[in-house]
Amino acid sequence: MLNRCSAVYGDAAIAAMSIVARVINFLFCVSLGIAQGFQPVSAFNYGARKYSRVKEAFRVSVCSCLMVMTVTAAIGLAGAGTIIAAFRDDADVIAIGKTALRMQCVSLFMMPISMCGNNLFQSIGRSLQATFLASIRSGLVFIPVLLILSRCFGLFGIQVSQAVADVVAAAINVPLVLRLFRSLPEDGCEIIRGNG
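Under numbering that gives the first Met the number 0, think of the first position of the sequence shown as 0, with each following residue one higher.
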């Protein structure tokens, strides 16, 4: 879908957006690795009815991801042109990719919330919420945002679409996680079915 929307603006736009997608996916994997490391801790403590530890593990995971994303965002913002040029030495590709990469670097701070939120629900057996949260960033939210912004703002809309989708995905995650945490009883207590 991204390539289809970018094709209107030529091969340089397709190449630039593909490069940016690969770079961001690499950073996405770093965040995903930290979030997946949180899963067994969350699952064990949830099963052991140590809900305060689930909350603390979530907080530590989000903070750890944020620290990593802060460093990578700073590198991406400062060296966006150099990073794109490492993949393709074309002035048009670099110009388009530089803007897109900088926009996505700004939204990297939203990624840990989405990743850890999704993995939280997976780890405690809430498959419906986990599936929903897993599909919003690159599907349920991204595709409509891409189509709307590309029509309204042209190439710039395409460049910012993933960043906007990341912000929306995080905004959807936060109330679900807060609602879950509010529904958890004191440590040692059993969760009543249907609670949360």
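A couple of the hints might just be wrong.
Claimed, not checked - Distance ranges between label pairs, derived from CB positions: (1) R21 <-> I147: 22 to 30 Å; (2) V7 <-> P39: 42 to 50 Å; (3) R3 <-> A90: 23 to 31 Å; (4) E185 <-> R3: 48 to 56 Å.
Read the hints as simulated data drawn from the structure, not as lab findings. Note that CB positions come from ideal geometry on N, CA and C, so glycine has one too.
Going down the list of hints, with the structure as the test:
1. Remark: the range hint 22 to 30 Å for R21 to I147 is upheld by a beta-carbon distance near 24 Å.
2. Look at V7 against P39: about 45 Å separates their beta carbons, and that is inside 42 to 50 Å.
3. Roughly 24 Å separates the CB atoms of R3 and A90, a value that falls within the hinted 23 to 31 Å.
4. A C-beta distance of roughly 52 Å is found between E185 and R3, which places it inside the suggested range of 48 to 56 Å.
Hint compliance for this structure: no hint is broken.
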